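There are 2 protein chains.
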Amino acid sequence: MNILVTNDDGIYSSGIFALWEVAKEFGQAFVVAPASQKSAVGHGITISRPLFISSIKRSNGFDGYAISGSPADCVKVGIKRVLHKKPDLILSGINLGSNLGNDIIYSGTVAGALEGSMQHIPSVSFSVDSFEPKSFETSKYVIREAIKFLLKQNIPKQVSLNVNIPDCNLDQLNGLKITLQGGKYFEDDFNSYKDPKGNRYYWIKGETVDNDDSFDSDSFAVKNNYASITPISFNMSDNRIFKKLKKTIK
Amino acid sequence: MNILVTNDDGIYSSGIFALWEVAKEFGQAFVVAPASQKSAVGHGITISRPLFISSIKRSNGFDGYAISGSPADCVKVGIKRVLHKKPDLILSGINLGSNLGNDIIYSGTVAGALEGSMQHIPSVSFSVDSFEPKSFETSKYVIREAIKFLLKQNIPKQVSLNVNIPDCNLDQLNGLKITLQGGKYFEDDFNSYKDPKGNRYYWIKGETVDNDDSFDSDSFAVKNNYASITPISFNMSDNRIFKKLKKTIK
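Protein sequence lines correspond, in order, to chains D and X.
FYI, in our numbering the residues of the first sequence are 1 to 250.
FYI, in our numbering the residues of the second sequence are 1 to 250.
Since the hints were derived computationally from the structure, they do not count as laboratory data.
Be aware that a few hints might be false.
Treat identical chains as interchangeable: a pair holds within one or across any two.
Straight-line distance between alpha carbons at most 20 Å, and here's what the computed EDC-like set of lysine to aspartate or glutamate pairs gives [stated by the list, open to error]:
| hint | residue 1 | residue 2 |
| --- | --- | --- |
| 1 | K86 | D189 |
| 2 | K148 | E21 |
| 3 | K85 | E187 |
| 4 | K157 | E21 |
| 5 | K80 | E187 |
Bear in mind that the values here come from a model prediction, so they are computed numbers and not experimental data.
Produce the entire structure from the sequences given, and follow the hints as far as they go.
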């Protein structure tokens with residue numbers, strides 16, 4: 001099995017190293033990842049500038065390509081200019097910090113997987129619910145289980161799985177849970193500054209608001225030490241509203 | 001009515017000027033838009049750098065704020081630092097070039113509106129199906145009709161409308177049509193180059209593939225001279241697959 005591995009924290013992240021270690025248990029792993037931190041780039045792609053590519057070596061045989069673009073760029077370049085064909089599987093992560101609720105829309109990690117599903121390639125994004133995870137033992141267990149689950153189930157290739165992993169010890173993990181994108185959001189605001197010339201600038205700040213405790217929500221699962229698996233689609237049509245509105249226009 | 005106007009082509013685009021002209025027929029229009037071209041930034045936001053803001057004046061009383069970030073940044077800054085409250089309506093566009101099918105995922109124009117719906121503000125994105133539209137007469141007609149339609153219908157605030165306008169004369173327009181995100185996609189590839197030092201770089205290229213002629217698809221509507229209105233949601237959960245997979249895990 002050919003596996004394309006990417007992320008949004010960049011090719012030198014501890015998370016992508018752990019993901020690569022598991023990926024190579026399942027097949028040949030090709031790492032194509034951003035050269036630098038690309039958090040919150042969403043599904044942006046680079047169309048007005050060129051993309052630079054360089055060969056990277058880390059320890060224990062980890063090698064790959066660093067790209068001067070977004071995770072979605074990495075998947076596109078990986079397919080067309082590294083593998084020269086579609087891989088059998090795309091894995092994105094492990095993101096340091098969860099991607100739950102509204103985060104999904106902003107996440108470069110999720111976009112890496114979603115780009116795969118847009119090209120009809122089975123794809124999974126992985127995030128751990130901590131910026132400084134204790135270890136990757138639980139994450140690695142969940143990645144193995146999620147890949148086995150994906151290979152076993154007949155999931156349409158246009159559906160991507162967004163996996164969030166609690167930062168708990170393996171013996172505290174309650175299992176995997178299939179979930180829906182919940183209502184967690186970021187209540188943002190801006191600090192205001194002036195530069196030495198007097199020009200105004202802002203810096204985003206904010207707080208996570210996570211009060212969606214509905215049983216099926218992604219963040220409720222993670223809070224209860226389940227690994228959350230949310231099937232997501234790049235088709236954003238709201239079918240219910242479509243049917244309702246269609247009746248209003250002849 | 002307070003109306004926040006943004007786009008992804010930048011504050012000096014002809015498209016945002018035309019949108020502003022219609023917006024001010026409906027209320028007070030506040031323009032907060034990217035300082036430069038931001039096509040294909042998707043729903044990226046700026047979290048690791050500051051955002052600069054500057055006051056802009058164009059002809060005929062058009063004034064607004066230019067932001068050194070993405071359309072989603074502009075909506076966030078517009079709410080928190082320009083209006084200091086949520087507007088009654090957010091309009092994004094007019095994008096020069098359609099946002100149909102898979103384009104929706106990459107589009108900064110759509111993200112501008114989607115950011116509004118994430119904050120429970122009625123929001124519409126507008127794109128015209130040409131990089132060099134003949135005129136904005138048809139677009140302006142469609143914008144008026146779409147705003148009236150939005151105000152009349154009881155559309156949930158978490159749903160955004162993605163409007164695509166054919167580049168035809170007004171007397172050739174067949175009307176408005178409620179549609180679904182269709183299968184149009186970009187078959188991308190990369191040209192390969194070396195810089196003067198011998199470093200490899202790539203530039204994305206590609207061709208639009210548009211063979212989804214299903215009756216309800218967004219691009220089929222535009223091809224047939226209808227203005228396409230697609231209700232879209234930032235909740236990417238695939239409910240059908242959720243229900244199917246839920247049965248497989250206890």
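So, going through the hints one by one against the coordinates:
no., hint, result
1, K86 to D189, "between (41 Å within a copy, 13 Å between copies)"
2, K148 to E21, "within (16 Å within a copy, 55 Å between copies)"
3, K85 to E187, "between (41 Å within a copy, 13 Å between copies)"
4, K157 to E21, "neither (24 Å within a copy, 44 Å between copies)"
5, K80 to E187, "between (39 Å within a copy, 11 Å between copies)"
Hint 4 alone, counting from the list given before, is not met by this structure.
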